Amino acid sequence: MIIGERKSLEEIRKMIGGYKRVLVVGCGTCVTVCLAGGEKEVATLSSALRMAAKKDGDGLEISEATIERQCDIEFIEELREKVEQVDAALSMGCGAGVQTIAETFSEIPVYPALNTRFIGRTEEQGVWTERCAACGDCILHVTGGICPIARCSKSLLNGPCGGSKDGKCEINPDVACAWQLIYDRLKALDQLDKLEEIVPVKDWSVSRDGGPRKLIREDVRL
Amino acid sequence: MPEDKNRFSPKIAAFCCFHSAYLAADSAGAMRKSYSDGVYIIRVPCAGKVEGLHILQAFEKGADGVLILACPQESCHYISGNIRAKKRVDYILRFLEEIGIEPERLKLFNLASNQAPRFVQVVNEMAERIKDLGPSPIKAGVIGR
Numbered sequence: 001m002i003i004g005e006r007k008s009l010e011e012i013r014k015m016i017g018g019y020k021r022v023l024v025v026g027c028g029t030c031v032t033v034c035l036a037g038g039e040k041e042v043a044t045l046s047s048a049l050r051m052a053a054k055k056d057g058d059g060l061e062i063s064e065a066t067i068e069r070q071c072d073i074e075f076i077e078e079l080r081e082k083v084e085q086v087d088a089a090l091s092m093g094c095g096a097g098v099q100t101i102a103e104t105f106s107e108i109p110v111y112p113a114l115n116t117r118f119i120g121r122t123e124e125q126g127v128w129t130e131r132c133a134a135c136g137d138c139i140l141h142v143t144g145g146i147c148p149i150a151r152c153s154k155s156l157l158n159g160p161c162g163g164s165k166d167g168k169c170e171i172n173p174d175v176a177c178a179w180q181l182i183y184d185r186l187k188a189l190d191q192l193d194k195l196e197e198i199v200p201v202k203d204w205s206v207s208r209d210g211g212p213r214k215l216i217r218e219d220v221r222l
Numbered sequence: 001m002p003e004d005k006n007r008f009s010p011k012i013a014a015f016c017c018f019h020s021a022y023l024a025a026d027s028a029g030a031m032r033k034s035y036s037d038g039v040y041i042i043r044v045p046c047a048g049k050v051e052g053l054h055i056l057q058a059f060e061k062g063a064d065g066v067l068i069l070a071c072p073q074e075s076c077h078y079i080s081g082n083i084r085a086k087k088r089v090d091y092i093l094r095f096l097e098e099i100g101i102e103p104e105r106l107k108l109f110n111l112a113s114n115q116a117p118r119f120v121q122v123v124n125e126m127a128e129r130i131k132d133l134g135p136s137p138i139k140a141g142v143i144g145r
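Protein chains in written order, with my numbering: chain C, 1 to 222; chain P, 1 to 145.
These are computed hints drawn from the structure, not numbers from a lab.
Computed from a predicted structure; not experimentally measured.
Using N, Cα and C, we set each Cβ at its ideal position, and we do this for glycine too.
Treat the hints loosely; a few may be bogus.
Now the in silico label distances, taken between C-beta atoms and shown as ranges [what the hints assert, rightly or not]: (1) P:Gly100 <-> C:Val33: 27 to 35 Å; (2) P:Gly100 <-> C:Lys187: 50 to 58 Å; (3) P:Phe18 <-> C:Lys82: 48 to 56 Å.
SDA-like cross-link-like pairs, simulated, lysine to any residue; straight-line CA separation at most 20 Å [to be verified]: (4) P:Lys61 <-> C:Ile62; (5) P:Lys139 <-> C:Leu60; (6) C:Lys40 <-> P:His54; (7) C:Lys40 <-> P:Lys139; (8) C:Lys7 <-> P:Asn114; (9) P:Lys49 <-> C:Gln125; (10) C:Lys40 <-> C:Glu61; (11) C:Lys7 <-> P:Arg94; (12) C:Lys187 <-> C:Val206; (13) P:Lys87 <-> C:Arg6; (14) P:Lys61 <-> C:Gly59; (15) C:Lys40 <-> P:Gly38; (16) C:Lys7 <-> P:Ser75; (17) P:Lys107 <-> P:Glu125; (18) P:Lys61 <-> C:Gly57; (19) P:Lys87 <-> C:Leu60; (20) P:Lys107 <-> P:Gly62; (21) C:Lys7 <-> P:Lys61; (22) C:Lys40 <-> P:Gly52; (23) P:Lys86 <-> P:Glu97; (24) P:Lys61 <-> C:Glu64; (25) P:Lys61 <-> C:Leu60; (26) P:Lys139 <-> C:Gly57; (27) P:Lys61 <-> C:Ala43; (28) C:Lys154 <-> C:Cys135; (29) P:Lys87 <-> P:Ser75; (30) P:Lys49 <-> C:Cys135.
Chain C with its partners taken away, still in its complex shape (with noise of 0.2 Å):
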């Protein structure tokens, strides 16, 4: 899923500074999971924000809205009616979501609440962790399930750096070398010989060098 975290209650105020009436908005999907932008955190908030305002004697109205997922034009249409009242909106949702909105409703300025941090996954309540870095072309298939791409500091492909020691990364003694992981997991499964595969350049066309990414599917299109 996608992990977010909220941005300082400063940066928020900053943004939302002269507006009198502002949405907030809650995405029901990635970032509810990772606690960070789900409903519960929207009513937090909000709360905090009416709080803030009062405090500074600013008038300031907060409407809150939780929608299933904010990167679905389908699922954005059921804040129209909320938006129409408001001089601004306020995403909690990851960058798509911000964006999904923005453009949704062209008629407001559409703010982040969080920043979006990676793909990743949750490794114990309260932990998330990167796993993948959307790079178009997995190979995972080679590396025993784990993502040099992702999870080596420098993803590299070829094997560990120099500044791999005792299983761990040079950059901090808590990150695992992903090139122990994979050398120790590809050993355990006996497929070391998968890292003797001379295998050909990766092609990174597919990832951010291309420009903004697109995906079509014919078959599925109406």
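Chain C is already provided as a structure; the job is to place chain P on it using the hints.
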């Protein structure tokens, strides 16, 4: 102008764990021990049930202070609810700071069910602290002017 300290009666929302502080408060009543008026006891099944949103909403609805009264360390009925409560209070303290609410207005204490006198002491001391601070800046809406 701040209200006269002697006239100001702070409103304190006290989230009391049913297995400890709530029983202590009940005993304090049975023992006819008086404590500061304006203390609103909210019974919760465990201090770990109190979420950050509950604390913020207490302030938003007019509390001058909020108390979280949890079981003593190592004695939580649900093993670690009191530890979770402490972590949540620490998180919300940072949030309160961002909002501009003094951190002294939110306190967590651990006390056992048989500590009625300590319950009285804790709420009275909290009331005194809040009296010194004055009404909540949210209620007054004057800070920064």
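Task: Violations among the numbered hints, reported as their numbers in ascending order - done: Per hint list: 3, 7, 8, 12, 15, 16, 19, 21, 30 violated.
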